[in-house]
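The primary structure of each chain is shown beneath.
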Amino acid sequence: MASTIKRQQLQIRLIFLGIPLAWLVVFVVSPIFLIFYLSFTDYNILSPAQMIGTLNYEDLWFDSLFWKATWNTFFYTVVSVPLGIVFSLLLAVLVNRRLPGAALYRSIFYIPVVTPLVAVSVVWILIYQTSNGLANYVLSWINVPPQQWLTSSTLAMPSIIVMSIWKGLGFNMVIFLAALQAIPRELHEAAWVDGAGRFRSFFSITLPLLRPAMIYVVVTSIISSFQVFTQVFVMTEGGPNNATVTLVHLIYRTAFLNLDMGYASAMAMLLFVLLVATSLTSFWLMSRNNYYA
Amino acid sequence: MNGELSPRMKVVVYGLMSVLLIPFVFPTWWMVTSSIKPISDIFAFPPEIVPSRLDLSTYAKVFELQPFAQQYWNSAYIAAVVTVGTMLFSSMAGYAFARIRFPFANTLFMIVLLGLLIPSEVTIVPLFRIFLSWGMVNTHWPLILVPIFGAPSVFATFVMRQYFIALPVELEEAARVDGLGRFKIFRTIALPLARPALGAVGIFTFLHSWNLYLEPIVFLSSPEKFTLPQALTQFTDAYGGAMWNIQLAAATMTAIPVLIVFIVAQKQFIEGLAHTGLKG
Chain A
1 MASTIKRQQL
11 QIRLIFLGIP
21 LAWLVVFVVS
31 PIFLIFYLSF
41 TDYNILSPAQ
51 MIGTLNYEDL
61 WFDSLFWKAT
71 WNTFFYTVVS
81 VPLGIVFSLL
91 LAVLVNRRLP
101 GAALYRSIFY
111 IPVVTPLVAV
121 SVVWILIYQT
131 SNGLANYVLS
141 WINVPPQQWL
151 TSSTLAMPSI
161 IVMSIWKGLG
171 FNMVIFLAAL
181 QAIPRELHEA
191 AWVDGAGRFR
201 SFFSITLPLL
211 RPAMIYVVVT
221 SIISSFQVFT
231 QVFVMTEGGP
241 NNATVTLVHL
251 IYRTAFLNLD
261 MGYASAMAML
271 LFVLLVATSL
281 TSFWLMSRNN
291 YYA
Chain B
1 MNGELSPRMK
11 VVVYGLMSVL
21 LIPFVFPTWW
31 MVTSSIKPIS
41 DIFAFPPEIV
51 PSRLDLSTYA
61 KVFELQPFAQ
71 QYWNSAYIAA
81 VVTVGTMLFS
91 SMAGYAFARI
101 RFPFANTLFM
111 IVLLGLLIPS
121 EVTIVPLFRI
131 FLSWGMVNTH
141 WPLILVPIFG
151 APSVFATFVM
161 RQYFIALPVE
171 LEEAARVDGL
181 GRFKIFRTIA
191 LPLARPALGA
201 VGIFTFLHSW
211 NLYLEPIVFL
221 SSPEKFTLPQ
231 ALTQFTDAYG
241 GAMWNIQLAA
251 ATMTAIPVLI
261 VFIVAQKQFI
271 EGLAHTGLKG
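Line by line, the protein sequences give chains A and B.
Per full-length UniProt numbering, the first sequence starts with residue 1, numbered consecutively.
Per full-length UniProt numbering, the second sequence starts with residue 1, numbered consecutively.
Mixed in with the good hints there might be a few duds.
What the hints assert, rightly or not - When the alpha-carbon atoms are kept at most 20 angstroms apart in a straight line, the in silico SDA-like pairs for lysine to any residue are as follows:
#  : chain 1 : residue 1 : chain 2 : residue 2
1  : A       : LYS167    : B       : ILE263
2  : A       : LYS167    : B       : LYS37
3  : B       : LYS10     : A       : LEU94
4  : A       : LYS167    : B       : LEU259
5  : A       : LYS6      : B       : ILE185
6  : A       : LYS6      : B       : ARG101
7  : A       : LYS167    : B       : ALA175
8  : B       : LYS10     : A       : ILE15
9  : B       : LYS10     : A       : ARG97
10 : A       : LYS6      : B       : TYR77
11 : A       : LYS167    : B       : PHE204
12 : B       : LYS37     : A       : SER131
13 : A       : LYS6      : B       : ILE100
14 : A       : LYS167    : B       : ILE185
15 : B       : LYS267    : A       : LEU180
16 : B       : LYS37     : A       : ILE125
17 : B       : LYS10     : A       : ASN96
18 : B       : LYS267    : A       : VAL113
19 : B       : LYS10     : A       : LEU90
20 : B       : LYS37     : A       : LEU180
21 : B       : LYS184    : A       : LEU14
22 : B       : LYS267    : A       : PHE171
23 : A       : LYS6      : B       : GLY181
24 : B       : LYS267    : A       : ILE125
25 : B       : LYS184    : A       : LEU155
26 : B       : LYS10     : A       : PRO240
27 : A       : LYS167    : B       : VAL25
28 : A       : LYS167    : B       : PHE26
29 : B       : LYS10     : A       : PHE199
30 : B       : LYS184    : A       : ILE19
31 : A       : LYS6      : B       : LYS37
32 : B       : LYS10     : A       : ARG98
33 : B       : LYS184    : A       : ILE15
Simulated from the structure, these hints should not be mistaken for laboratory data.
Turn these sequences into a full structure, and let the hints steer you where they fit.
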């Protein structure tokens, strides 16, 4: 009896964990080792990879396009993550009421999240047209001259950021909403009795209690903005004048248009290090507070 | 959140929400209405908010210029297979991490979570090399095999584990006393109870696969194998200029099924998301 239970347990572990873990190793973990190896080679797919030592990394150091792409990715992250969080939190606070119809508004704010990103990008190209786009038409009401949203190197990245924030607001809104609804009403009532106003109550009670949701949203937003690719590829192809080239876009171009796979691997390795560094910092933040244990 | 609102505040809140509605609804409205306008009206200035003339021939052209029906099918079946696979694997692994005691469980779980940090955007070069050596470039295999237990499924596993941990263990223990094996307990007790989390995982996996863009453009090269997002941007004239009306019609057809599912199942979308990740 005891031995059959033991055998059964072993089987269960093998099946429940073994298959998924093996899958993870083959398709997720092993490529990281391969990419580490490839980053030290000259490889163009057609002929076998040649070891060239740290040459790719040395080249990266002097590659102004790579630094530009890194800067653009940082700029995108540093602007879109805080703005997206502030707006989605405001939106969550706004719809977090027991008013008739609030659920409908909530659903409508969520529509951009479920609309495919490529479809959204195509529509926004039209909205951002210089000569007859909707954005410039709205600006003309207040006598602002037409702007070159996607074709000027100063405006292209901010335009893409605006579109991306709009696309993701609903997602973070729902997460904040769930966290807001978990806050006991009594806390606010007690604060009210003690004479705290709405703002004081928000900053002293709501915001601290939103901390776990906040950390979660910050981490997922940062990770996904490091990988920004689709909207850049569809809307500007990295232009004008490389003003919107991001790291993933540059990796794609280097690997699959220039067939310089070794060099692209070195870039991907650095992107991976960036991701790990950022996330470990946030894991550390989380475990310090023991919210997820 | 602060109890009852005064009537004046109600007006302010409704007014604010309604103004905010415009930018959220408008681009989708613009996509759908522009797709049924003649191309000259798409670029009318001032823009036409409600179409004055209809031209539905665009929709037929979408299917003439590309094997769009085939591409539709590609996207649909790939997303379906990935969704079922992910739901299966993430619920099994999530259950194991929540309930089955084994050595190095926490270490293993941390390793799995590390998978979150290795999205296929990072590993696309070695993945290409691997699938090239397996003769699977320009097939749908990479789009199916990688996501089934890739970075998004790691997230799914985390969601399932959190959900299983929160379930009362007594039911399963009672079933065990009754002589049920682990498999049976998992399939007949734990899994049905975890339906909300499983639904959320299913929805997000499907959306993720349906919207996948980098992987198709890297792995697929013949139009009859394309997926929808990839096909969308291929409607260009002989000079490489976009055929806007046709792209918009195709974009509308790509977005509509997801939007309809969302309207029907919005509760699961929104509450499912609220369930995930944050409890535990």
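task: Taking the numbered hints from earlier one at a time, note which ones the structure violates and give those numbers from smallest to largest.
output: When the structure is compared with the hints, numbers 2, 7, 8, 10, 14, 20, 24, 25, 26 and 31 turn out to be violated.
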